[in-house]
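Listed below, chain by chain, are the residues.
Protein chains: 4
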Amino acid sequence: MSELTILISCPDKVGLVTNITRVLAAHQLNIVAMREFVDEEKKGFFTRIACTGDLEAPHKLKEKLLESLPNSAEVNLINHSEKQIAVLVTKEYHCLAEILVKNQFKTLGANVKCVIGNYEGLKDFTESLGIPYHYISHENKDKATFEAEVKEVINQFEVDYIVLAKFMRILSPDFVKDFAGKIINIHHSFLPAFIGANPYKQAFERGVKIIGATAHFVTDNLDEGPIITQHTTHIDHNFGVKEMVRAGKEIEKKVLLEALELIFENRVFVSGNKTIVFK
Amino acid sequence: MSELTILISCPDKVGLVTNITRVLAAHQLNIVAMREFVDEEKKGFFTRIACTGDLEAPHKLKEKLLESLPNSAEVNLINHSEKQIAVLVTKEYHCLAEILVKNQFKTLGANVKCVIGNYEGLKDFTESLGIPYHYISHENKDKATFEAEVKEVINQFEVDYIVLAKFMRILSPDFVKDFAGKIINIHHSFLPAFIGANPYKQAFERGVKIIGATAHFVTDNLDEGPIITQHTTHIDHNFGVKEMVRAGKEIEKKVLLEALELIFENRVFVSGNKTIVFK
Amino acid sequence: MSELTILISCPDKVGLVTNITRVLAAHQLNIVAMREFVDEEKKGFFTRIACTGDLEAPHKLKEKLLESLPNSAEVNLINHSEKQIAVLVTKEYHCLAEILVKNQFKTLGANVKCVIGNYEGLKDFTESLGIPYHYISHENKDKATFEAEVKEVINQFEVDYIVLAKFMRILSPDFVKDFAGKIINIHHSFLPAFIGANPYKQAFERGVKIIGATAHFVTDNLDEGPIITQHTTHIDHNFGVKEMVRAGKEIEKKVLLEALELIFENRVFVSGNKTIVFK
Amino acid sequence: MSELTILISCPDKVGLVTNITRVLAAHQLNIVAMREFVDEEKKGFFTRIACTGDLEAPHKLKEKLLESLPNSAEVNLINHSEKQIAVLVTKEYHCLAEILVKNQFKTLGANVKCVIGNYEGLKDFTESLGIPYHYISHENKDKATFEAEVKEVINQFEVDYIVLAKFMRILSPDFVKDFAGKIINIHHSFLPAFIGANPYKQAFERGVKIIGATAHFVTDNLDEGPIITQHTTHIDHNFGVKEMVRAGKEIEKKVLLEALELIFENRVFVSGNKTIVFK
Chain Z
52 MSELTILISC
62 PDKVGLVTNI
72 TRVLAAHQLN
82 IVAMREFVDE
92 EKKGFFTRIA
102 CTGDLEAPHK
112 LKEKLLESLP
122 NSAEVNLINH
132 SEKQIAVLVT
142 KEYHCLAEIL
152 VKNQFKTLGA
162 NVKCVIGNYE
172 GLKDFTESLG
182 IPYHYISHEN
192 KDKATFEAEV
202 KEVINQFEVD
212 YIVLAKFMRI
222 LSPDFVKDFA
232 GKIINIHHSF
242 LPAFIGANPY
252 KQAFERGVKI
262 IGATAHFVTD
272 NLDEGPIITQ
282 HTTHIDHNFG
292 VKEMVRAGKE
302 IEKKVLLEAL
312 ELIFENRVFV
322 SGNKTIVFK
Chain H
52 MSELTILISC
62 PDKVGLVTNI
72 TRVLAAHQLN
82 IVAMREFVDE
92 EKKGFFTRIA
102 CTGDLEAPHK
112 LKEKLLESLP
122 NSAEVNLINH
132 SEKQIAVLVT
142 KEYHCLAEIL
152 VKNQFKTLGA
162 NVKCVIGNYE
172 GLKDFTESLG
182 IPYHYISHEN
192 KDKATFEAEV
202 KEVINQFEVD
212 YIVLAKFMRI
222 LSPDFVKDFA
232 GKIINIHHSF
242 LPAFIGANPY
252 KQAFERGVKI
262 IGATAHFVTD
272 NLDEGPIITQ
282 HTTHIDHNFG
292 VKEMVRAGKE
302 IEKKVLLEAL
312 ELIFENRVFV
322 SGNKTIVFK
Chain L
52 MSELTILISC
62 PDKVGLVTNI
72 TRVLAAHQLN
82 IVAMREFVDE
92 EKKGFFTRIA
102 CTGDLEAPHK
112 LKEKLLESLP
122 NSAEVNLINH
132 SEKQIAVLVT
142 KEYHCLAEIL
152 VKNQFKTLGA
162 NVKCVIGNYE
172 GLKDFTESLG
182 IPYHYISHEN
192 KDKATFEAEV
202 KEVINQFEVD
212 YIVLAKFMRI
222 LSPDFVKDFA
232 GKIINIHHSF
242 LPAFIGANPY
252 KQAFERGVKI
262 IGATAHFVTD
272 NLDEGPIITQ
282 HTTHIDHNFG
292 VKEMVRAGKE
302 IEKKVLLEAL
312 ELIFENRVFV
322 SGNKTIVFK
Chain X
52 MSELTILISC
62 PDKVGLVTNI
72 TRVLAAHQLN
82 IVAMREFVDE
92 EKKGFFTRIA
102 CTGDLEAPHK
112 LKEKLLESLP
122 NSAEVNLINH
132 SEKQIAVLVT
142 KEYHCLAEIL
152 VKNQFKTLGA
162 NVKCVIGNYE
172 GLKDFTESLG
182 IPYHYISHEN
192 KDKATFEAEV
202 KEVINQFEVD
212 YIVLAKFMRI
222 LSPDFVKDFA
232 GKIINIHHSF
242 LPAFIGANPY
252 KQAFERGVKI
262 IGATAHFVTD
272 NLDEGPIITQ
282 HTTHIDHNFG
292 VKEMVRAGKE
302 IEKKVLLEAL
312 ELIFENRVFV
322 SGNKTIVFK
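Here the protein sequences come in this chain order: Z, H, L and X. Letter by letter, the first sequence follows residues 52 to 330 in the numbering used here. Letter by letter, the second sequence follows residues 52 to 330 in the numbering used here. Letter by letter, the third sequence follows residues 52 to 330 in the numbering used here. Letter by letter, the fourth sequence follows residues 52 to 330 in the numbering used here.
Calculated from the structure, these hints are not laboratory results. Everything numeric in this text was worked out from a predicted model, so none of it was measured. A virtual CB, placed ideally from N, CA and C, is assigned to each residue, including glycine. Mixed in with the good hints, there may be bad ones.
Listed below are the simulated SDA-like cross-link pairs for lysine to any residue, each with C-alpha atoms no more than 20 Å apart in a straight line [said to hold, decoys possible]:
hint: 1; chain 1: X; residue 1: K305; chain 2: Z; residue 2: T284
hint: 2; chain 1: Z; residue 1: K233; chain 2: Z; residue 2: N324
hint: 3; chain 1: X; residue 1: K157; chain 2: Z; residue 2: N324
hint: 4; chain 1: Z; residue 1: K305; chain 2: X; residue 2: M295
hint: 5; chain 1: X; residue 1: K325; chain 2: H; residue 2: E256
hint: 6; chain 1: L; residue 1: K228; chain 2: L; residue 2: D193
If you want the footprint, here are the derived chain L segments under chain Z, 3+ residues with CB under 8 Å [what the hints assert, rightly or not]:
hint: 7; stretch: 239-248
hint: 8; stretch: 287-296
hint: 9; stretch: 324-330
Kindly produce the complete structure, drawing on both the sequences and the hints.
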């Protein structure tokens, strides 16, 4: 008996759940948990099914599922091998440390294959936790060259996701396209407030009483990709920019790690510029 | 095309979802949202299915569903007629007011048929919002007599639920049995902390930094029924008992109303001494 | 022995607290609670002092305090008479109801003198709770005329604050100037995100995972006045615009009532476009 | 110009703030932030004053302050040298890692002098972050012997605080007395609910909808010392004991680190079995 997670998305129509469950029953799979969502606006159907059973030929199951579904359906069978990830950083340690510590104690739900940084500051820390650190400066070279060097390192591994753990360079559309749907960013603001640089300074000047952070998939439009998770925390007049940054970092790491956990457990679908998250 | 919510609970076994969805498909019902949960410990299966379609003979659907399920299955078909409720109060207005205001503006998801209070203080307020108030004192009579009088009023209506909105009398096992699974209480504490009387005084003396409230179904064991929802709020050393009570009331009404919303939308199953809540 | 709250704001300099407390001691006033804040950026000093004592000549105390402070100091002595307020509404009941219910049970910390609405829908409800409702339509008249009619009603009372409890008309700079620092608004968004109309539609389209609300003082710049308090709540992909509006209303009333409580307890200073809130 | 934090506690009487601020002014100290609290029940006065100035003779200032205050007053002058701490652990890494990472990047507000563990599991991790790990097994020896060995290590350093970062042995009254007011524990429950062992199992069986954690000072009575800070998080029926433990760990580290930050910034007073926390 092994565990299997099945992710399906397709245009909505009557009878989809019946069709799907009939195929699963025919393969002697037992449904442990099933979640589905119909996007009424875009007429899309999404389901996540966790099941158990002895599955001899996964490709046959996939074939049968596709036969029972509308033409453009996507079916994804996931056994519980762990995800492989690369982490990109700049100078700040807080998100990286959270990832590396959980990686070290096998509670991340993924394996960190490498860390790439455009500064050297986090090299010793990363290596002290047993992960190779690739220092690739962005200075004195154009973006294409810099990104080619980054890509070269990433492509040494088969990574499922690239995590921008406070990586402060904007990636080119070409880079994003190469890893479409695979890049996760933590934005130091509760988007769409305070888009862009220096959000804490903006927040300080506006006199807000909450700050927050947003984890999202990266698309061509800076700070505009599908949002995975967000949290906020209260601040007051005693918070200068420095105190906001400190409070913000706690939220950032919480939000990023929560998003990663959801993704690594195959709970997140992207639909247009939104996500469907089966918690 | 009408909407229908189906609640099913039964012992878990392989193929339940397939069996159920096959019956629904045979009746041309389209599943809009489906949630299910398997209680691994007690081997119980619970599902809530929202569907649309033209259902001519509900009793036939129920029959077919029961045929496809284990013997002890419970099947509940709910169309979207509103629930009817009675509200019991003592002296505090905050939960009652929230219920009556939402009732007035048709956003409660239920109709308040009557309010019963063992003091007169909330009579004028209740009546000013157009709801009959039945003043039944508990003084100078034994509990059985008092409860008989309460029951007489309640039984004038066909109520689905009895809401104890800060009703400060302990109900007898007989009363609870008569309305088994239908009585909802708001407890002024985050159970199981501070069971019993004067929780805010207990909380003050212990010097806690959070207080909370708990909505639960009432069973024979005081403060021990299945918990539906809970929230907490932060307090600090500036809070005396009075300030705790004030903060507590805000939490109490939030928790109770959230629980009622979940119940009135048929999202709550009771399983032993716990609840399964499909949010 | 009576209670007195003293609010002082002035340019910061060395020795202010000593000067102030020396004057209070000379008047035999006992400090029960004292909060102060120095705005390092604008070099402003703010203090809130709660004290007890027998004060025979408040104007003498004020005089002595002013003598001990820099020239531009503002000193405000507040005994605990309740604030008087007017409430402006349009069609939505949720904030108004919360205010009127607390007013009815004397837990608002202020007296509602009148409700003014530009639609008739909330008239019966307001009157059923014993408060006069002034229906002033904005239709078929220019803004100046409409506002003159509103002002005429307000000026029948000596109101300390005007609460915009989901009042959906933009007030003119002239109106705002006439009641400078006295108008409190609840904005249906966690500013500065989703400024302007239809924030829930904007939020739905952006696919955010939190929504919120903001209570702020009204200034000439729409949605730009000093923020008093903000809260957020989590949503997910199941929330359409309708569900967001429902969840948003719960946050809106919580935020507005929290702001009012802080203001009525004299805990809020305005400094430029920000607030200092001594909770 | 240097910074100085002054902590004073004494029986309450009229004029304390005036007396104190007069002494500070005489020493040319400028008050940057002042917080005070009067415990009405126990008639205690507590103040935390942050000030700046050139202080040549701290002991003279202390003397003058004591002269101006009731006999039993405690005055504590703190310059901003960092605290020194020892950390005790058993098997769980999550709180320790958070402490060690912040220690490494100098954002803890304290220096970790040593880690002591009664198992060897966390040795390599601790040492990889440059901190000595003392493995002291509790097996095959009585508690007095075990504690003597622990004390011997701690006494090699001048530690201000001992942090129990998921240290699962109950300390003897003698040990606690030796470090009175200096031992901080993280309890895996929102006290006073679920006191004692296996709180997550207790929580699972009770079917609660929130779990939490409590940071407190350690006194003779297990789980009964003054509470510093608490947080809760929502769970639902999908959480088995394993999932509760995972969610609980996130809360535990958040609560413990928040408590440590408050303590290291000298914001926490103990009064009887409660704390006063000037945030």
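* Of the numbered hints stated previously, which ones are contradicted by the structure, given in increasing order? -> As far as the earlier hints go, only 3 is violated by this structure.
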